[in-house]
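Peer 1: Below, each chain spelled out in residue letters.
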Amino acid sequence: MSTALIVATLAASVAAATSLLYATLGEIVGERAGVINLGVEGMMLVGAASACAATTVTGNPYCGVLAAALAGMAMSLVFAYAVVDCGANQLASGLSLLFLGLGVSALVGKPYVGAIVHGLPSVSLQTSFGEVSAAVSIDALVVLALPAAALVAWLLNATRWGLQLRAVGENPLAAFAAGCNRRRLQYQAILAGGLLSGVAGAHICLAVTYTWAEGMTAGRGFIAIALVMFARWNPWAAIAGALVFGGAEALQLQLQARGLDVSPFFMNMLPYLLTLAVLPLTGRAGQLAAPAALGRPFAGVE
Amino acid sequence: MNAITRTLLCALAAIALAAGPARAQDKPPLIVGVIYVGSVNDYGYNRAMKDGVDDMAKAIPGLKLIEAENVPETAESERVMSAMIAQGAKLIIATSFGHQEFANRLARSHRDITFIHAGGWMIEPNFGTFFGATQTAWYAMGVAAGLMSKAGKAGFVVGVPIGFVIGNVNAFQIGAASVNPKFETRVVVTGGWSDKVKEAAAANALIDQGADLLTMHVDSPATVIQIAENRGVYSIGFQSIEARKIAPKGWITGLGFNWGPYMIETAKQVMAGTFKGAMVRQGLAEKMMVVAPFGDAVPPAVRTAVTAAADKVAAGFTPFTGPLKDNTGAYQLTKGEKLDGADMGKFNWYVAGVVGRVR
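In the order they appear, the protein sequences are chains A and B. Residue numbers for the first sequence follow the working numbering, beginning at 1 and rising by one. Residue numbers for the second sequence follow the working numbering, beginning at 1 and rising by one.
In isolation and in its complexed conformation, chain B is listed as follows (with noise of 0.2 Å):
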């Protein structure tokens, strides 16, 4: 080392030095809070929530996280929320549909901080709510399925048969019946979002009834995707596209959220005080949902149609277009007729196709 190097090397040592503790004392452009109500490590839900906070933090140097996990969906996380506040974050996002009615209060006392919420419906001027448009990205997996079903059956795994879930499901077997008009969706309800023993049960009774493709509304679509890879069925996964690891032979393609883009566009509103309390709902178009790699087990004519209804759906496409029929027989909608927003996540009957009872 020559002493032209070494006297550099002092000189920087001495700049970051002296720059270091100065950088220390600058305040954070924004303190974001931020509550999960499970483990960030669950490869679901809340890790598709934590990728997006960490693509947020990325993208705007300098701005610091505080973040809970396991926060329930009680008056618990109002104190966990307050006391994100007491620390000096501006932004709260409030990740669990739980966690709406005590993140709503305190953004009613405390009109200077901003709140987005995962999945609600409340709305305040300072006070947000957001969610992927699952229902109609659902559509696309529906035509996976119908294209690669040998069976024309697939089997859904369905934790709670709420609403949205229900939409969900009504979407795929839309989509699948597109390229398939005799396909059939079973669906098998267990009950809970993370009842493993009974994911597996279900997911076997499905095969065993004659489905060769398997999909699931759970929170980890972890058991449901190794039974249909131990057994020898296809599958499609939901929540995070990292379960495709898991099913490396009869992985066919999956949905996951995207939460980065629209985290990131919130915490720049909030630093310029643009921020304005809105429904957001957004789908394939808007890249909050997002298609998985598809498995090696598809061929390149399937990719293609797969990738031309999700850009279907992404220009704007409903695949709840009247004329639309129930399980049961009956119209739900009239030729024309069509169903959009938030309507699509208020289903109470399955459509035409699918095997099950809504209650």
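Here chain A stands alone, though its shape is the one from the complex (with noise of 0.2 Å):
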């Protein structure tokens, strides 16, 4: 592998993991208050949507990134109070909870199949190996990817309100023993996550795809759920997975491009391929890593 075709990937790379690291973020905040939620990719959808939306009508595409995050802690609201109020199934609520957005972004987007929106600003730096170049394009979510996953971290471990949240996520009933409101802290955590994914969401409408196509996100929303496993519920290492799985997909399209002579659907497959080999590396260490708690509707009574 060429020098060129390793900065090209790790250029290229960035776009897709910038949306990824965001929902990523906001899986981890959520599960480690105790609750998992597999309706990213429905949160993402909705937001990307709305960013298309709002940006179209207001012409401001920063508009367009707050009415993706306000319409990504709209779709979590329903699940909080379905999981957190109710104590209804986690796993179900969050499947519900995608195909709900998989339908109320259809809805939304309907008018803007297609058609182009003003993306973020953005600037482009390029440079060029003879025939091969490399550009990344950098927006302002790109700018606060990684100062979002310090201010995550920083939140969970070095806070009261981490702390709490943590413990929650650990052992509900000693968290609640020991003064913690359960309840708005999981509140917070699943609004955190709705913010995030619906952030990510419009990244992917804004700097990537510039135009809205139904199921846009193609799954990335579960890749996302993945990655919080692979980075043990560690935001910086959130970082590394997702640019590990942006950088597998740039990288089979830069071969691709290149013209090696692999069959295209084998490539197609090679970032989930990647994604299911370095789970098991994660085993049992991930296993030890994860919430007591996860997934567990809250037994006792507050």
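Source of the hints: derived by calculation from the structure; they are not laboratory data. Just to be clear, a hint being listed does not mean it is correct.
Straight-line Cα separation of at most 30 Å, BS3-like style, residue types lysine-lysine; simulated pairs [to be verified]:
(1) A:110 / B:58
(2) B:346 / B:50
(3) B:312 / B:249
(4) B:268 / B:90
(5) B:245 / A:110
(6) B:58 / B:245
(7) B:245 / B:150
(8) B:27 / A:110
(9) B:312 / B:287
(10) B:50 / B:335
(11) B:27 / B:58
(12) A:110 / B:249
(13) B:150 / B:58
(14) A:110 / B:50
(15) B:58 / B:90
The model shown is predicted, which means the values in this text are computed figures rather than measured ones.
Both chains are given apart, each in its own frame, so use the hints to dock them into the complex.
Peer 2: In structure tokens form, the structure reads like this:
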């Protein structure tokens, strides 16, 4: 592999990794509070469609990002009510949220299918190695991605709020006995997840595709959930996870464009094969890192 | 306003009132049911179908449309079409490939209803199939690419590499090589008709690897054209010719579908009772395929050459004339051998000069 290919792949992976990182960070916050939300994909889609709609209506892409964040939060509120207040099964509620998101986003996005939205202002850095070139487009959400990971890490690991949140995720009864407000903390965590998923969708629409198509996220919400496990619920490791997956996708397309003599169908499997391959590596250590009360409805009386 | 005008206006109003209800009771000359697989606002395939349907409605006064969007390619489509028949539809237009067997089943149980379906192969006396002869038309796009690309290298973003898509790529490469023998078409497959994130990454990858012109065969050309424009390379569109608005700098030209004339003709045949199910494949000659207006970047000499190539195709030229090698170096067509009609949709090999694998 030549330097040119590596640089081009790294540059290209930024675009895919940014939205994955936001979605993964959101899911980490929720799971640390003991709530697994399988509806990330649905919230991302609603975020993307809302970003598209709001940007077209207002003409300002930052309004689009704001709308996406609010829409993601609104979606997660439905989920939060079901799992936090009613003690509904988290897996079933999350999947319902996914399908709700598919429907809502199709409805919101309908007038914008195939239409071009004016994306986030960006600076394009370009370098070339003879015939091969590498380009990375830097916009506000790319710039904020790493600080966002740092912020989540700081909030979870260095603040009282984070300690309480993690306590709820490990042992809600003990946390409750110690005076934590489980309900409020889980609501906050789920809403943060909705916000970040919405922003992830906004980045796809406003910085990668510049248009809306139904089901556009194409499974990236589920990849984000897998990346949470890969990252062992650690926001810093999520950066690496997002870059690895984004890089695998970019690499297979770069290799195709380069004319590598391998079946395109096999190439399209690569990123998913890679995800499957790294998950066992986290293996038992991954199990240990998981919040102990993840996925369990609260059984106590508040 | 004088008295005479006022009287006249009153009289006109009275006539309008009297005529109004009577006209509403008139039966429409034809009720047409149309099903689309997606939204008609996609600036792509479904939009082109909708434009054709609207042309038909405009051309035949009183024609009534019953339309349904987002009709899946399942038995659900059969129920939607049945409901249209129950509302009096005498002509059903099923616009997506996967609607075929359901429309065909209904056609066999409703011999008095006419069906036309896009892109299939089934034929009944009351069931016809139609599609654009896209492959030959892509030859003209290739000529445009061959003359415009300085690197002599185009990137082709392909959704799913099925036979007729491969045929489009092949004709494009043959056209380009006819004006630049060293021309190369690099293919990247995304694996879906509408995975926009991958289309974006594929477009970027092709530009990274040296392509200075992009084209595509996916549902909506918007993303690929926008990326080409952002990175300052040329683009050639497909499906909807409206996409040129996205790329004021890099747009060269494009291919679009024009279904109107065929649909008008079919509606007239149905009303006259002369419809016969057949396989209809029309191209540039019959104006079912149209070449989009040229972009500002295209010099007059290139415009002339591309128009001439399109005219050559319209006059009956087929790019798939032997001797023709595939991209592994093996002869697929011997001298004088020709592919035409349905064979052009059954490719499982790329011509020499295309960089990519079929499977």
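Peer 1: Could you run down the list of hints and mark each one as holding or not?
Peer 2: Here's how the hints hold up against the structure:
Restraint check: the Cα-Cα separation between residue 110 of chain A and residue 58 of chain B comes to about 25 Å, which is no more than 30 Å; the hinted pair holds. Restraint check: the Cα-Cα separation between residue 346 of chain B and residue 50 of chain B comes to about 27 Å, which is no more than 30 Å; the hinted pair holds. A C-alpha spacing of about 28 Å is found between residue 312 of chain B and residue 249 of chain B, which places the hinted pair at or below 30 Å, so the restraint holds. For the hint linking residue 268 of chain B to residue 90 of chain B, the alpha-carbon distance of about 12 Å falls within 30 Å, and the restraint holds.
Under the criterion of a C-alpha separation no larger than 30 Å, the hint pairing residue 245 of chain B with residue 110 of chain A is consistent with the structure, at around 20 Å. For a cut-off of 30 Å, the pair hint linking residue 58 of chain B to residue 245 of chain B stands: about 26 Å separates their Cα positions. A hinted pair counts as satisfied when its Cα atoms are at most 30 Å apart, and residue 245 of chain B with residue 150 of chain B qualifies at roughly 23 Å. Straight-line distance between C-alpha atoms of residue 27 of chain B and residue 110 of chain A comes to about 33 Å, which puts the hinted pair past the 30 Å bound.
Note on residue 312 of chain B and residue 287 of chain B: the hinted pairing holds, with a Cα-Cα distance of about 14 Å set against a maximum of 30 Å. A hinted pair counts as satisfied when its Cα atoms are at most 30 Å apart, and residue 50 of chain B with residue 335 of chain B does not qualify at roughly 42 Å. Restraint check for residue 27 of chain B and residue 58 of chain B: the C-alpha separation of about 17 Å stays at or below 30 Å, so the hint holds. At roughly 28 Å between alpha-carbon atoms, residue 110 of chain A and residue 249 of chain B fall within 30 Å of each other, so this suggested pair holds.
Straight-line distance between C-alpha atoms of residue 150 of chain B and residue 58 of chain B comes to about 44 Å, which puts the hinted pair past the 30 Å bound. This hinted pair checks out: residue 110 of chain A and residue 50 of chain B have alpha carbons roughly 15 Å apart, not beyond 30 Å. With a CA separation close to 18 Å, the supplied pair residue 58 of chain B and residue 90 of chain B stays within the 30 Å bound.
In terms of the numbered hints stated before, the structure departs from hints 8, 10 and 13, listed from lowest to highest.
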